[in-house]
Amino acid sequence: MAEDDIDGGARRGIGTQLKKSFDAPFFAFVALAVAAGIATWYWRGPDAFDRALHEAREFAIFILPRMTAALLIAAFLQVLVPRAIISRLIGEKTGLRGILVATLAGGLTPGGPLTAFPIVVALYATGANKGALVAYLSAWAMFGFQRILVWEYPLMGGDFTLLRVCASAALPVMAGLIALRLPWEIRAPAAPRMDRKA
Amino acid sequence: MQAVAIAMWVGALALMATAWRRRDGSTKRGLAQTVDYLILMLPRMVVALMLASFAAELIPGDMVSRWLGAESGFTGIVIASVCGIFVPAGGVIAFPLALAMLKVGVGVPQLIAFLTSWEVFAVHRVLAFELPMMGANFVALRITASFLMPPLAGLAAAGLMTVLPG
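Protein chains in written order, with the numbering used here: chain W, 21 to 218; chain Y, 315 to 480.
Bound-form chain Y, shown alone (with noise of 0.2 Å):
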């Protein structure tokens, strides 16, 4: 994981030298965006800490894993892909909601087939952009193309997980 954060900032500064040699602004305008982003992100993530953090409290966890633990096997999976349809936001709540339900136990495939849901079928994406900006041909022809997306990843996560042990 730390070889991950390491990676991450010898990214971040190569592309900050890139920005620097050529002298148009851009590395001015690079800090700016950097930090319009931190003051937006920084206070959300705090709260979506707590929230990941409370909600593991209050998850009722044997409930939860009986459903959607690694024993749930592909019921699990359909339960998990149904659900993440109804996750109407952004990663902001989907993200601390996932790491509270793998800290109660719901199982790796069964967390992707939910994340894969959210991603592909994003409610509010959805309704804010793709509707009126691509119209309703679009979006049901996105959406007929893709509705097995999520328990396909939440099979080929379960396979993958038997071939790599760990």
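Isolated chain W, as found in the complex (with noise of 0.2 Å):
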């Protein structure tokens, strides 16, 4: 949802982008949170009710310095780091080396989806190991910086956040060391690959 439409591309009109964001998804949720809430009054009671909305309050009175800053950090990244630096650190690597840094590479991919998936694309036709390639996708979806900033680190704290990096700081490594040694050869519809010397 948001984190799959967060990704930058063209800049289109206020206009659009108010169409973007108050989409069919959005609606859905809205319907979600409302259900939630008449669940709240029926089974728990309005004083339930009161005190979920006045702590949403205090959560959102919180988050919302915070998400600024992250945004405008995600924003500027995008604008000044060009994609091909990301895709040439990685992309003639193999083995151990080229694993280490893609999962380097994915903790500091910003962005969704719509920046990853093109990033492994590239890689993957430009020659990358599908260990990379693993590792890469693996340490965005737990570690891009993004999402930590966004919604990790004010959600949950900096405690919580700071435990579970660490706690999960070397499985992009081992899912990497892993995949390499998987008998499957990647087939990717989205790219021809460019060379086979991986």
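Please note: incorrect hints may appear among the correct ones.
To be verified - To give a feel for the contact side, a few chain Y residues facing chain W, derived at Cβ under 10 Å:
1) Thr332
2) Arg439
3) Met447
4) Ala467
5) Met475
Calculated directly from the structure, the hints in this document are not laboratory data.
What you are looking at is a predicted structure, and each value in this text was computed from that prediction instead of being measured.
All C-beta atoms, glycine included, are put in the ideal place defined by N, C-alpha and C.
Each of the two chains sits in its own frame; use the hints to bring them together as a complex.
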């Protein structure tokens, strides 16, 4: 949802952006929240309903300045760091070193799937090994800094975020190493492989 | 927590200064992108927070904490890992859900297993992006290579928590 369409791309007018923002999934989401609100009132009573609204407001006040900073960082990084640089970093590497670089690059990739998957396809097309591709995608999914800044840190707090990242730091590398040893050949519909040296 | 917020603002201002020094329209594009993000995220954030607060009132706390509380141990980690697979949504749903779970007493290692599972397997992302762009072989390869990651993350978190108190 939000995460899937948070990527930049060409700048459109405010009107288009508003239309994109208030799309069908958003209203489905609103309906879900309204249903949860009614259910809370009905089963848990008006006190619980008030308590929930109060808590949501407190959280919003806490999150707003943090979220604004996070979105500024995400937007300016996307403008300042061209995709090509990330692609070049893991493009031709192989083995463990490529996996380590890919893990780091995955964590540093801003944006949602609309940013990450074109990079994966580009890496594949330029000859990255399959371990690096798996490590890159896992690291982006688990440690993508944008998701951490926008969602995890404001909602779950610094201690939780730090603990989770430390507990799983080695996992993308492991997944990459396992993937290297698995027999499947990747055949990506989105791009023909340019060379086959991996 | 305050310190991290300040660090984020320092980072944001440093990036804006870098863009300004380039004098090639980067500042304008960056700000325009930020406005786009804000328009997209603010309404969702408001709804997400309300949903999370209502969910915390609605979730039967005693049942959930029996199954997934800190006492549930490895079994809880496995259950949480399996649950995470079936969250077909982005961070806008998953994190408020995680927050509600934390409030009703789900253990931290169990919650980390849940989040990792959602991050790694994200059904909606596999169907919308991975399968059409990278093909079935890649999906099979990646899932085989990573299906142990959620329980491992949960176990590592439990281990770290015993080593580092607080």
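Original post:
Per the CB criterion, is Arg439 (chain Y) less than 10 Å away from chain W?
Top reply: Since chain W brings a Cβ to about 5 Å from Arg439 (chain Y), closer than 10 Å, the hint holds.
**OP:** Let me know if the C-beta of Met475 (chain Y) comes in closer than 10 Å to any C-beta of chain W, holds or violated.
**Re:** 7 Å, holds
Subject >> Interface hint outcome for Met447 (chain Y) [beta carbon to chain W under 10 Å] >> reply: 4 Å, holds
Original post:
Holds or violated: Thr332 (chain Y) as interface residue toward chain W, Cβ cutoff 10 Å?
Top reply: Holds, because the Cβ-Cβ distance from Thr332 (chain Y) to chain W comes to roughly 6 Å (cut-off 10 Å).
Subject >> Interface hint for Ala467 (chain Y), Cβ within 10 Å of any Cβ on chain W >> reply: 4 Å, holds
Every hint from the earlier list agrees with this structure, and none is contradicted.
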